[in-house]
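A.B. asks: Residues per chain are reported as follows:
2 protein chains.
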Amino acid sequence: MDQKKLELDFLISALHKGTIHSTEDILLWLRKKNEETKSEIKEIPISELKQWAFSTNSEKICHKSEKFFSIEGIRVKTNWGLVHEWDQPIINQPEMGFLGIITKAIDGVLHFLMQAKIEPGNINIVQLSPTLQATRSNYTQVHKGKQPQYLEYFNGIKKVDICLDQLQSEQGARFLKKRNRNIIVKVGNDEDIPVYENFIWMTLRQIKELMRYDNTVNMDSRTVISAIPFGAYSTQNLRLLEAIGSLTRKESANNISLLYSVLSNDNAVNNTTEIIKWITARKFSCELEVSGITLNNMQHWFYDGNVIKHETGKYFSIIGVDVKIENREVVQWDQPMVRPAQEGILAFLIKKINGVFHFLVQVKVEPGNFDLLELAPTVQCMTGNYRIGFNEYSVPFINDVLSATGERIWFSSQQSEEGGRFFKEQNLNMIVEADTNFPERIPENFCWMTLNQLISFSSFNNYLNVGARSLLAAVSFY
Amino acid sequence: MDQKKLELDFLISALHKGTIHSTEDILLWLRKKNEETKSEIKEIPISELKQWAFSTNSEKICHKSEKFFSIEGIRVKTNWGLVHEWDQPIINQPEMGFLGIITKAIDGVLHFLMQAKIEPGNINIVQLSPTLQATRSNYTQVHKGKQPQYLEYFNGIKKVDICLDQLQSEQGARFLKKRNRNIIVKVGNDEDIPVYENFIWMTLRQIKELMRYDNTVNMDSRTVISAIPFGAYSTQNLRLLEAIGSLTRKESANNISLLYSVLSNDNAVNNTTEIIKWITARKFSCELEVSGITLNNMQHWFYDGNVIKHETGKYFSIIGVDVKIENREVVQWDQPMVRPAQEGILAFLIKKINGVFHFLVQVKVEPGNFDLLELAPTVQCMTGNYRIGFNEYSVPFINDVLSATGERIWFSSQQSEEGGRFFKEQNLNMIVEADTNFPERIPENFCWMTLNQLISFSSFNNYLNVGARSLLAAVSFY
Numbered sequence: 004m005d006q007k008k009l010e011l012d013f014l015i016s017a018l019h020k021g022t023i024h025s026t027e028d029i030l031l032w033l034r035k036k037n038e039e040t041k042s043e044i045k046e047i048p049i050s051e052l053k054q055w056a057f058s059t060n061s062e063k064i065c066h067k068s069e070k071f072f073s074i075e076g077i078r079v080k081t082n083w084g085l086v087h088e089w090d091q092p093i094i095n096q097p098e099m100g101f102l103g104i105i106t107k108a109i110d111g112v113l114h115f116l117m118q119a120k121i122e123p124g125n126i127n128i129v130q131l132s133p134t135l136q137a138t139r140s141n142y143t144q145v146h147k148g149k150q151p152q153y154l155e156y157f158n159g160i161k162k163v164d165i166c167l168d169q170l171q172s173e174q175g176a177r178f179l180k181k182r183n184r185n186i187i188v189k190v191g192n193d194e195d196i197p198v199y200e201n202f203i204w205m206t207l208r209q210i211k212e213l214m215r216y217d218n219t220v221n222m223d224s225r226t227v228i229s230a231i232p233f234g235a236y237s238t239q240n241l242r243l244l245e246a247i248g249s250l251t252r253k254e255s256a257n258n259i260s261l262l263y264s265v266l267s268n269d270n271a272v273n274n275t276t277e278i279i280k281w282i283t284a285r286k287f288s289c290e291l292e293v294s295g296i297t298l299n300n301m302q303h304w305f306y307d308g309n310v311i312k313h314e315t316g317k318y319f320s321i322i323g324v325d326v327k328i329e330n331r332e333v334v335q336w337d338q339p340m341v342r343p344a345q346e347g348i349l350a351f352l353i354k355k356i357n358g359v360f361h362f363l364v365q366v367k368v369e370p371g372n373f374d375l376l377e378l379a380p381t382v383q384c385m386t387g388n389y390r391i392g393f394n395e396y397s398v399p400f401i402n403d404v405l406s407a408t409g410e411r412i413w414f415s416s417q418q419s420e421e422g423g424r425f426f427k428e429q430n431l432n433m434i435v436e437a438d439t440n441f442p443e444r445i446p447e448n449f450c451w452m453t454l455n456q457l458i459s460f461s462s463f464n465n466y467l468n469v470g471a472r473s474l475l476a477a478v479s480f481y
Numbered sequence: 004m005d006q007k008k009l010e011l012d013f014l015i016s017a018l019h020k021g022t023i024h025s026t027e028d029i030l031l032w033l034r035k036k037n038e039e040t041k042s043e044i045k046e047i048p049i050s051e052l053k054q055w056a057f058s059t060n061s062e063k064i065c066h067k068s069e070k071f072f073s074i075e076g077i078r079v080k081t082n083w084g085l086v087h088e089w090d091q092p093i094i095n096q097p098e099m100g101f102l103g104i105i106t107k108a109i110d111g112v113l114h115f116l117m118q119a120k121i122e123p124g125n126i127n128i129v130q131l132s133p134t135l136q137a138t139r140s141n142y143t144q145v146h147k148g149k150q151p152q153y154l155e156y157f158n159g160i161k162k163v164d165i166c167l168d169q170l171q172s173e174q175g176a177r178f179l180k181k182r183n184r185n186i187i188v189k190v191g192n193d194e195d196i197p198v199y200e201n202f203i204w205m206t207l208r209q210i211k212e213l214m215r216y217d218n219t220v221n222m223d224s225r226t227v228i229s230a231i232p233f234g235a236y237s238t239q240n241l242r243l244l245e246a247i248g249s250l251t252r253k254e255s256a257n258n259i260s261l262l263y264s265v266l267s268n269d270n271a272v273n274n275t276t277e278i279i280k281w282i283t284a285r286k287f288s289c290e291l292e293v294s295g296i297t298l299n300n301m302q303h304w305f306y307d308g309n310v311i312k313h314e315t316g317k318y319f320s321i322i323g324v325d326v327k328i329e330n331r332e333v334v335q336w337d338q339p340m341v342r343p344a345q346e347g348i349l350a351f352l353i354k355k356i357n358g359v360f361h362f363l364v365q366v367k368v369e370p371g372n373f374d375l376l377e378l379a380p381t382v383q384c385m386t387g388n389y390r391i392g393f394n395e396y397s398v399p400f401i402n403d404v405l406s407a408t409g410e411r412i413w414f415s416s417q418q419s420e421e422g423g424r425f426f427k428e429q430n431l432n433m434i435v436e437a438d439t440n441f442p443e444r445i446p447e448n449f450c451w452m453t454l455n456q457l458i459s460f461s462s463f464n465n466y467l468n469v470g471a472r473s474l475l476a477a478v479s480f481y
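Protein sequence lines correspond, in order, to chains A and B. At position 337 of the first sequence the residue is numbered 340 (this note's numbering), and the sequence of numbers has no breaks. At position 271 of the second sequence the residue is numbered 274 (this note's numbering), and the sequence of numbers has no breaks.
Extracted from the complex, chain A is given alone in its bound form (with noise of 0.2 Å):
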């Protein structure tokens, strides 16, 4: 495959209002979806699940199977930050994920087949998700069983492209370790694939249009399109391109700034040995020991008879759900998911430097982590509450995040965690613009990198935690 010729259509599709559905009309279809998905989710005490339970001396909660996941205690050592020391239940879940999207390139534009899913934990019920989510026992169809749809563009049976195949991690404090493959794949133009009910066509822009509205497009999607490449162009070739039609349909000055950022291969504050040399000495200052515990060993934290708690009420807890959706058939489960305590928020700070719009990164150390630390939002707060004149901790940046005010914020909506394991848990993903004070340099946890740059840590192994990359899947330049 041509990599230039498709980081140029992934461009294009990010700048095009789509050829088959307006946005408004995918809004509505998806509005629709939901509201004929009848659900009842009832939270239920966890004793009283019925297809998991706790292990015989409570280490963990297991589903019947053995199979699916589990919920663990670790206790967690580390140098880093405030707090040096605690336990926490946490979710083990060994099996990579498989997210799948399949492209097309429609009336000369790539368009993505998006899916209206149902996960219990949703704040809408129903999102916008990936062409396919699948556990790799489904990919690889072990337990033979009824087969995903769409799985025959993925496993090798349809010919496609593959246009991106990527392992990329999940919340480092809530899942063990855990890793999801995300890949895209194209068909041929003359693929006569059908489009089946509750999926639909649309261009990678419309994607983000759609991010803008709260709790609509799932966290799958989101990290499946922030690996997205749009290629890497001199200065001066950009400046050719931007005579290319397509790329001068731009609606704002910011969006022709992020364009650059996205592109642009030079002027960035720091090049890629230097961001290297910096994750290495933060990952050499690092300590993390992270040694499994059982459930009821853990200090401060306890099964209540519903749910498992922290003792403060604080962080989040472990509660028992009971799941009936009623579409065109009636499905009915059990599982235990994770609740948060608060709401979190995310954002990035960006900061025009050299003429290219920086983003301020953080390392974050995390007790899941793969490895140690990754690059995460300037702000990450997803535990306590956050709000000006209630931090619990002091989380630096997070007043020149809030306080910022009209045309500064460039991004803000609320978007859902994994709906398959956290409840109702949304966190405000913001973008947002330094104010022109705001110093060039920065504490040693952070460091300035253009999108560009982001994308293309991204592309290696375990670089950009899950929150950034669900701001990365934000960010618009049409």
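No lab work stands behind these hints, which were simulated from the structure alone. Computed from a predicted model, the values in this text were never measured in an experiment. Hints are supplied without guarantee of correctness; some may be wrong.
The list treats identical chains as one, so a pair stands whether inside a single copy or across any two.
Claimed, not checked - Dumping the calculated DSSO-like pairs for lysine-lysine here, alpha-carbon to alpha-carbon at most 27 Å: (1) Lys180 to Lys280; (2) Lys280 to Lys189; (3) Lys8 to Lys20; (4) Lys189 to Lys354; (5) Lys80 to Lys286; (6) Lys162 to Lys327.
Please arrange chain B on chain A, whose structure you already have, making use of the hints.
C.D. replies: Structure of chain B alone, referenced to chain A:
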């Protein structure tokens, strides 16, 4: 720091014969150091080690201080390769080591400050090592104690430029997720840096020349210099570069070709995205479960009153070693070490494709790997007899390597593994040009990569294994 300038400086150092000592003189100096060192290294039963002991229930072997490292047992289950389940002892050394080299421009050419260092497991006792080999505790001086020489150039006290700073893996078959910090710093031209006894300046070319001698440049030096970037140029710019005097002192057509492979940005069979897709698919297909077990629970391994060994006598054994080294002062200690059962081989097959030399890389699953698999040489066979006619396993491409003669053998010498843990372990390192009939199409666990791509992937975390890096260090293009 100007990255392009730095990369050109590295390139010139890789081409330059040195301005201070001839390579022959360095070799003589090293041999003299060797002769001056009196060492008495005796194998003793593990149970007679004074500073080390089996823990109460023979779970593991630890130092009495519980510091340094321990020998533990693991049980491995995998769907990879021919053997799907086994137990083995492994070295657990959670602390990151620190491997640092100081460089300085002398007469306009970057020179590297190398050390003649004694290690008990070294075949030559004294080998060439980086300026600094330190544990994290040494480096951070948490235990105070005697400060390693030149530490002040690495811990922020002396002003230096950091040229590169990366985390790199050790042998995944012997170490449990061990990593070292590989760092190169550059002092200013005016910095009057002392050259202590046992230290010597040389160019990068000279280090590479010394690698052509058996067991002369230690593993730590090889991994650090393998990470050095030389820049990336379009073919057009390469032709310009050729005109530069320092680049035209080439001695063979082969080396011009390798120079293209290391510097060229163009003409690679697979681009970065293709390579990442390949790695992702291989990782996804890999199942690897490693669980800690006690030494006395290992199947097919036992302590015979002297050593821990496999009942077949194959693979490796854990031995006790009593060390007495007399240089100017007498140092004595004892410790467990790993002794291999056979010599192994590490070899890259290379082939000119699209006018640029490509290296045949494989993905290799090893239980101590940080992330399932790493990029390894075409042939990596460190357990079992690999010689033709004695193949214990079927090793792909082994015959293509061993049957090569004459000019097709570009590099061949014995290289030692780390002499602080491995007892007289040497592996044959080879770079062999494939026969002209060798196919471009290769099995799914293999991939063609240029030198430029190998160096570039290496700069990210845990991509190239130590065997691949050892061979990368050996590539010369002078």
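A.B. asks: Determine for every hint whether it applies to the structure shown.
C.D. replies: Now the hints, each set against the structure:
With identical chains, the CA atoms of lysine 180 and lysine 280 are at most 27 Å apart both within one copy (24 Å) and between copies (20 Å). In this homomeric assembly, lysine 280 and lysine 189 come within 27 Å of each other (Cα to Cα) only across copies, at 14 Å, whereas the closest approach inside a single copy is 36 Å. In this assembly of identical chains, lysine 8 and lysine 20 lie within 27 Å of each other by CA distance solely inside one copy; the values are 20 Å within and 44 Å between copies. In this assembly of identical chains, the alpha carbons of lysine 189 and lysine 354 never lie at most 27 Å apart, being 35 Å within a copy and 32 Å across copies at closest.
Taking the shortest alpha-carbon separations for lysine 80 and lysine 286, only the intra-copy value of 15 Å comes in at or below 27 Å, while the best inter-copy value is 29 Å. Taking identical chains as interchangeable, the C-alpha atoms of lysine 162 and lysine 327 are never at most 27 Å apart, the minima being 37 Å within one chain and 65 Å between chains.
Violation of the numbered hints given earlier is confined to hints 4, 6; the remaining hints are satisfied by the structure.
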